[in-house]
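Colleague: Fit chain B to the given chain A structure using the hints.
If you read the protein sequences in the order shown, they are chains A and B.
Number 90 in the numbering used here belongs to position 90 of the first sequence; there are no gaps in the numbering.
Number 595 in the numbering used here belongs to position 265 of the second sequence; there are no gaps in the numbering.
There's no promise every hint is true.
[Stated by the list, open to error] Here are the computed lysine-lysine pairs in the DSS-like style, where the Cα-Cα straight-line distance is at most 27 Å:
1) Lys-126(A) / Lys-570(B)
2) Lys-551(B) / Lys-86(A)
3) Lys-86(A) / Lys-570(B)
4) Lys-272(A) / Lys-22(A)
5) Lys-90(A) / Lys-551(B)
Just so you know, these hints were derived from the structure itself, not from any lab.
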Amino acid sequence: MTKLLEIHDLQTQFHTRDGIAKAVDGLSLSLDRGEILGLVGESGSGKSVTGFSILGLVDPPGRVAGGRILFDGEDLVAGGEKAMKKLRGKRIAMIFQDPMMTLNPVLRIDTQMVETVQAHADVSRKAALARARDALVRVGISSPDERLQAYPHQFSGGMRQRVAIAIALLHEPDLIIADEPTTALDVTIQAQILSEMQALCAQSGTALIWITHDLAVVSGLADRLAVMYAGRIIEEGTTAGIISKPMHPYTKGLIESVPQGKEHGTLLRQIKGMTPSLLKLPEGCKFAPRCPRADAACKPEPPLEERETGRRVRCVHPHTEPLAEEAAPT
Amino acid sequence: MIVYLIRRFGQSVLSIAAMAVLVFLGVYAIGNPIDVLINPEATQAEIAATTARLGLDRPLYEQFGIFVWNALHGDLGNSFVYGRPAVDIILDRLPATMELAFVALILSVGLGVPLGVWAGLRPDSIAGRTIMGGSILGFSLPNFWQGMLLILIFAVLLGWLPAGGRGETTEFLGMRVSFLTLDGLSHLILPAINLALFKMSLIIRLARANTREVCLQDYVKFARAKGLSGRRVVLVHILKNIMIPVVTIIGLELGSMVAFAIVTETVFAWPGMGKLLIDSINLLDRPVIVAYLMLTVLIIVTINFVVDVIYSLLDPRIGLSEMKG
Numbered sequence: 001m002t003k004l005l006e007i008h009d010l011q012t013q014f015h016t017r018d019g020i021a022k023a024v025d026g027l028s029l030s031l032d033r034g035e036i037l038g039l040v041g042e043s044g045s046g047k048s049v050t051g052f053s054i055l056g057l058v059d060p061p062g063r064v065a066g067g068r069i070l071f072d073g074e075d076l077v078a079g080g081e082k083a084m085k086k087l088r089g090k091r092i093a094m095i096f097q098d099p100m101m102t103l104n105p106v107l108r109i110d111t112q113m114v115e116t117v118q119a120h121a122d123v124s125r126k127a128a129l130a131r132a133r134d135a136l137v138r139v140g141i142s143s144p145d146e147r148l149q150a151y152p153h154q155f156s157g158g159m160r161q162r163v164a165i166a167i168a169l170l171h172e173p174d175l176i177i178a179d180e181p182t183t184a185l186d187v188t189i190q191a192q193i194l195s196e197m198q199a200l201c202a203q204s205g206t207a208l209i210w211i212t213h214d215l216a217v218v219s220g221l222a223d224r225l226a227v228m229y230a231g232r233i234i235e236e237g238t239t240a241g242i243i244s245k246p247m248h249p250y251t252k253g254l255i256e257s258v259p260q261g262k263e264h265g266t267l268l269r270q271i272k273g274m275t276p277s278l279l280k281l282p283e284g285c286k287f288a289p290r291c292p293r294a295d296a297a298c299k300p301e302p303p304l305e306e307r308e309t310g311r312r313v314r315c316v317h318p319h320t321e322p323l324a325e326e327a328a329p330t
Numbered sequence: 331m332i333v334y335l336i337r338r339f340g341q342s343v344l345s346i347a348a349m350a351v352l353v354f355l356g357v358y359a360i361g362n363p364i365d366v367l368i369n370p371e372a373t374q375a376e377i378a379a380t381t382a383r384l385g386l387d388r389p390l391y392e393q394f395g396i397f398v399w400n401a402l403h404g405d406l407g408n409s410f411v412y413g414r415p416a417v418d419i420i421l422d423r424l425p426a427t428m429e430l431a432f433v434a435l436i437l438s439v440g441l442g443v444p445l446g447v448w449a450g451l452r453p454d455s456i457a458g459r460t461i462m463g464g465s466i467l468g469f470s471l472p473n474f475w476q477g478m479l480l481i482l483i484f485a486v487l488l489g490w491l492p493a494g495g496r497g498e499t500t501e502f503l504g505m506r507v508s509f510l511t512l513d514g515l516s517h518l519i520l521p522a523i524n525l526a527l528f529k530m531s532l533i534i535r536l537a538r539a540n541t542r543e544v545c546l547q548d549y550v551k552f553a554r555a556k557g558l559s560g561r562r563v564v565l566v567h568i569l570k571n572i573m574i575p576v577v578t579i580i581g582l583e584l585g586s587m588v589a590f591a592i593v594t595e596t597v598f599a600w601p602g603m604g605k606l607l608i609d610s611i612n613l614l615d616r617p618v619i620v621a622y623l624m625l626t627v628l629i630i631v632t633i634n635f636v637v638d639v640i641y642s643l644l645d646p647r648i649g650l651s652e653m654k655g
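Chain A extracted, bound-state conformation (with noise of 0.2 Å):
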């Protein structure tokens, strides 16, 4: 059978004034059915326009400008805006981050969710709207009949969120991109959001793309990691090796980053220097500048290679003993 999700050397770019961002430069994924991947990395990195890249949603002056993103072995990238919209919230839907900002404002939840239905189905409004009922009852919002008469401001932002999932969860997509949907949310709200996605994915069998940058987060929940830096990926494998013997420098600090609780009244571990900016790349390994481990081979840029089983690493100097105990994130 084909993987569900399959990227080929993706770019994605945008021309600017001062030149070519290349926000997104040879990126390669694959996801199975109803697997969860972790898509981690800071501000900037391209996660995020990885995310639009798959959707076709990626706005002027970006574009893609080459590679390959085959979804069930279809390529969407050849495909088209027309093949596109066919997919578009039928068999891939997708979260984004600022639940006060993704419903329109000046229409009814109802009428939101039942143009979706529409969209994709030909039924009637009475129909549609059944179907919204049993998505939000899905996504554990009480008396629904009542919540599709309202507007999105009468909701809180953990609701607001539940009602986009449930938008998102109204034609049973084969895949869902969720694009740091618990960011802006409360810690509470965010664990249940978090614990509800995992169960509603699993039942119904939907893979799930999880763009965040708290790995704290994801951990508990992707099956995979993919590390991103600078529009690539430069470490990849399963969670729980990643989190307990990060290779590559960048993903070691990362986890080191993240607060310890034994760790009362020392200063936080960071990584120093910033995130060089898309148009003023360094040569070599993108991260050299900044790596403790840098050095004269790390100038031609390392490919992404297989270092272990299921394990993909962007580095030549790659750390392979295991975090020590105390610093791994629970």
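Modeller: What follows is chain B alone, placed relative to chain A:
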């Protein structure tokens, strides 16, 4: 909603009352109408008699009291010049101005919003830039000059349309209107375009700016991610959001179009209220000036009231937050 409406209505009444005081005092201050109205060779006794007949010999507060009392009974006084009730004189002219303003409004919204949205969706296209360039001309060229140019091109050079007047009118809902006959319509087109150009340019710029802003919102991207057609995204998700500021502007501008169509009416010899006001000011015909100003205030306040109601229908957050307060 009811509470909101009642409170909003109270505000309207207050503004009208405040305006009544200002208008009366303002008009009272601009000279003695007797000097203009009466034969310069009249005797002192005749002047005194006329002054008494017009009620101008009483103190200011008494005149104001009488004015308010009569105004509440729908009587804004008789014109010094025509000797008929000022309100009747204005109402005779009102339909012509209203008709002109409404046709201009329909033109400016009907063309302005689509053009503005188009320019907002494709800000860098040739069409988008042309629309924006045209709108700059629209509101930077003086209104009277636009009118004269329209007459020059369409009435004089091409001879397609008449240069002035109202043309053939018919009865419609008890008013004389032009737009139902072909002749009337041909007289209506040029002044309506003249009056609409400025507002249209304003609406184009407003619609464009708002479209560009709304397009960047996550809910537009989310709507596209849901698989909606581009048409539905623009016509429902974007349009409903940009209509909120547009309706506000329309409300404000409709009032000013009705009230101050003076320039257009003068250029095109359109027999509306604007022309009447200019004549009355020249003759110091106080009741007509006062009645005109009061009627204008009433129209603007009413339009604003209606706009606020529409506004709360368009944006669910407004009416409801008012209700709680």
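Colleague: Does Lys-22(A) lie within 27 Å of Lys-272(A) when you go C-alpha to C-alpha?
Modeller: holds (23 Å)
Colleague: Checking one constraint from the list: CA of Lys-86(A) to CA of Lys-570(B), max 27 Å. Satisfied?
Modeller: The hint holds at about 25 Å.
Colleague: Sort out whether Lys-551(B) lies within 27 Å of Lys-90(A), counting only the CA atoms.
Modeller: Distance of about 15 Å is within 27 Å: holds.
Colleague: Take the C-alpha atoms of Lys-551(B) and Lys-86(A), compute the straight-line distance between them, and say whether it is at most 27 Å.
Modeller: OK: Lys-551(B) and Lys-86(A) at ~16 Å, within 27 Å.
Colleague: Measure nothing beyond the straight line between the CA atoms of Lys-126(A) and Lys-570(B); if it is 27 Å or shorter, mark the hint as holding.
Modeller: holds (24 Å)
Every hint, counting from the list given before, is met by this structure.
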